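Sequences and hints are given; from them, build the entire structure.
Heads up: the sequence shown is residues 1 to 488, going by the working numbering.
Among the clues, some could well be false.
[Unchecked claim] Cβ-Cβ distance ranges computed for the label pairs, FRET-style:
| hint | residue 1 | residue 2 | range |
| --- | --- | --- | --- |
| 1 | W400 | P440 | 32 to 42 Å |
| 2 | L31 | M1 | 24 to 34 Å |
| 3 | D301 | L31 | 33 to 43 Å |
| 4 | E365 | G169 | 28 to 38 Å |
| 5 | A485 | G280 | 19 to 29 Å |
| 6 | V65 | A209 | 26 to 36 Å |
| 7 | I48 | A445 | 40 to 50 Å |
| 8 | P440 | L298 | 23 to 33 Å |
| 9 | W400 | R362 | 26 to 36 Å |
| 10 | Q404 | F472 | 17 to 27 Å |
| 11 | P440 | S409 | 32 to 42 Å |
By construction, these hints were calculated from the structure, which means they are not laboratory data. Computed from a predicted structure; not experimentally measured. Glycine included, each C-beta is placed from N, C-alpha and C at the ideal position.
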Amino acid sequence: MTGSEALLAAALVVPLVGAALIVAAGRRPNLRDGIGIATAAVLAVVVIALVRDVLAGARPRLVLVEMLPNLSLAFSAEPLGATFALVASVLWLVTAIYAIGYMRGHHEHHQTRFYAFFAVSLSATMGVALSANVITLFTFYEALTLCTYPLVTHHGTDEAKRAGRVYFGVLLGTSIGLQLPAIAAIYVLTGGLDFAPGGILAGHVSPAAVAVLFVMFIFGIGKAALMPVHRWLPAAMVAPTPVSALLHAVAVVKAGVFAVVKVTVFVFGIDLLRSSGSSGWLIYVAGFTILAASTIALFQDNLKRRLAYSTISQLSYIVIGAAMLHPLALQGASLHIVAHAIAKITLFFAAGAILVAADKTRVSELDGIGRRMPWTMGAFAIGSLSMVGLPPTAGFVSKWFLLQGAVASGQVVVIAVLVAATLLNAAYFLPIVYAAFFRPLPDGAAQHGEAPLASVGALVLTSALTVAMFFFPELPLALARAFVAEGQ
Numbered sequence: 001m002t003g004s005e006a007l008l009a010a011a012l013v014v015p016l017v018g019a020a021l022i023v024a025a026g027r028r029p030n031l032r033d034g035i036g037i038a039t040a041a042v043l044a045v046v047v048i049a050l051v052r053d054v055l056a057g058a059r060p061r062l063v064l065v066e067m068l069p070n071l072s073l074a075f076s077a078e079p080l081g082a083t084f085a086l087v088a089s090v091l092w093l094v095t096a097i098y099a100i101g102y103m104r105g106h107h108e109h110h111q112t113r114f115y116a117f118f119a120v121s122l123s124a125t126m127g128v129a130l131s132a133n134v135i136t137l138f139t140f141y142e143a144l145t146l147c148t149y150p151l152v153t154h155h156g157t158d159e160a161k162r163a164g165r166v167y168f169g170v171l172l173g174t175s176i177g178l179q180l181p182a183i184a185a186i187y188v189l190t191g192g193l194d195f196a197p198g199g200i201l202a203g204h205v206s207p208a209a210v211a212v213l214f215v216m217f218i219f220g221i222g223k224a225a226l227m228p229v230h231r232w233l234p235a236a237m238v239a240p241t242p243v244s245a246l247l248h249a250v251a252v253v254k255a256g257v258f259a260v261v262k263v264t265v266f267v268f269g270i271d272l273l274r275s276s277g278s279s280g281w282l283i284y285v286a287g288f289t290i291l292a293a294s295t296i297a298l299f300q301d302n303l304k305r306r307l308a309y310s311t312i313s314q315l316s317y318i319v320i321g322a323a324m325l326h327p328l329a330l331q332g333a334s335l336h337i338v339a340h341a342i343a344k345i346t347l348f349f350a351a352g353a354i355l356v357a358a359d360k361t362r363v364s365e366l367d368g369i370g371r372r373m374p375w376t377m378g379a380f381a382i383g384s385l386s387m388v389g390l391p392p393t394a395g396f397v398s399k400w401f402l403l404q405g406a407v408a409s410g411q412v413v414v415i416a417v418l419v420a421a422t423l424l425n426a427a428y429f430l431p432i433v434y435a436a437f438f439r440p441l442p443d444g445a446a447q448h449g450e451a452p453l454a455s456v457g458a459l460v461l462t463s464a465l466t467v468a469m470f471f472f473p474e475l476p477l478a479l480a481r482a483f484v485a486e487g488q
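Below is the structure:
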């Protein structure tokens with residue numbers, strides 16, 4: 001086994017080992033939480049080393065089990081998967097730190113169970129990111145749904161149980177009802193499911209079949225939250241904020257859009273989709289999702305629900321980037337996986353800090369709160385600017401590439417969507433920032449300060465990363481360019 005292959009295996013195994021150790025240390029909270037941070041740190045180091053090898057040209061591959069001819073559970077590392085794995089692993093480390101302050105400050109029950117399932121979820125996320133073929137992607141995509149269910153229903157209330165049913169119903173229904181039959185059809189038609197540059201369907205299927213299969217995949221990947229299969233995401237906001245932050249701003253939702261981009265480029269292939277005209281409809285569906293979700297977000301007073309609908313909208317930026325089939329747009333899609341993750345996790349961290357410190361959950365309750373929580377709301381302001389797409393933030397970088405792709409490919413509809421969405425994003429984020437810093441505190445407002453240091457430190461770090469990507473975009477940009485070059 002080469003060094004790169006060992007890193008590939010370690011990325012999958014380290015979170016599982018960490019989960020076992022967390023359970024074993026459950027009666028000793030300090031040790032348990034320390035194990036959680038140490039596990040996340042080890043995973044981040046492993047993935048960073050793997051990314052280094054991928055950028056140097058390594059493409060490690062491991063076969064776990066051969067089930068049928070040309071059908072195996074197998075793993076490999078390439079630039080797009082390395083990007084997703086890097087984002088998830090680094091932000092898990094930050095979230096592990098944040099969660100200590102949040103879970104203890106909010107006096108959450110069943111913390112050992114929470115941390116253990118969190119670690120298992122990261123193993124499933126690594127499986128999605130590092131899958132070498134469609135069946136491996138599907139297997140770990142489903143595993144991610146199963147092991148995040150206990151996190152969504154963590155509180156055990158009737159509301160949490162209802163949310164869990166919606167979460168399960170939408171995600172399992174779409175994947176088993178649409179995605180799995182499409183996978184079976186492709187295996188029968190092509191005799192294999194391995195991801196390959198240029199795709200694997202060319203010469204095997206008619207244009208009509210390409211169109212049908214593409215529709216089945218896109219709507220079968222429910223985690224991408226395209227309308228109308230988006231209801232699970234707002235429902236899942238009933239979960240504790242660390243779950244919302246990492247799994248529903250990074251791991252789960254990014255597994256969805258990652259799968260859309262991966263299948264588009266490495267199963268169908270850019271040339272086949274362009275020549276068959278099978279992907280044009282996706283621009284309109286993604287554009288509608290961007291604008292509709294942004295409009296709904298504008299009227300949400302619950303802060304986490306506003307962030308949830310913002311996530312639905314922002315995910316479709318990645319989808320629309322893939323649908324344009326242009327190199328610059330595909331680079332923008334890859335970059336937005338990073339940019340959205342670090343900005344949105346900052347916003348969720350801030351929402352959780354507000355809940356812990358001030359016991360507030362509504363936008364209408366945030367007048368003057370920036371005077372009591374300047375670090376939290378300063379970070380929230382940076383995350384908001386990135387969601388709008390303004391410099392100097394990561395969101396500007398990714399949206400600039402998406403806009404360039406739209407201009408270069410003559411997609412007037414996409415240009416209009418991006419402009420309109422920018423105005424909508426500003427309309428539902430910037431008033432929160434204004435109210436927090438420039439409106440007076442209500443009479444008789446309770447005295448409070450910042451959330452626990454662990455939580456505040458984490459959100460300050462992610463807001464700093466949001467700014468850093470604007471000034472130092474070299475790493476995500478190198479991965480994005482390598483991904484596009486490999487996919488052609």
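To see whether the hints hold, each was checked on the structure:
1. W400 to P440: 32 to 42 Å: 37 Å, holds
2. L31 to M1: 24 to 34 Å: 32 Å, holds
3. D301 to L31: 33 to 43 Å: Given range 33 to 43 Å: holds, Cβ gap about 41 Å.
4. E365 to G169: 28 to 38 Å: Once the Cβ atoms are compared, 32 Å apart, the range 28 to 38 Å for G169 and E365 holds.
5. A485 to G280: 19 to 29 Å: 24 Å, holds
6. V65 to A209: 26 to 36 Å: Taking Cβ atoms as reference, V65 and A209 lie about 30 Å apart, which means the hint holds.
7. I48 to A445: 40 to 50 Å: Once the Cβ atoms are compared, 44 Å apart, the range 40 to 50 Å for A445 and I48 holds.
8. P440 to L298: 23 to 33 Å: For L298 against P440, whose Cβ atoms are near 24 Å apart, the range 23 to 33 Å holds.
9. W400 to R362: 26 to 36 Å: Check passed, 34 Å falls within 26 to 36 Å.
10. Q404 to F472: 17 to 27 Å: At 20 Å between Cβs, range holds.
11. P440 to S409: 32 to 42 Å: 49 Å, violated
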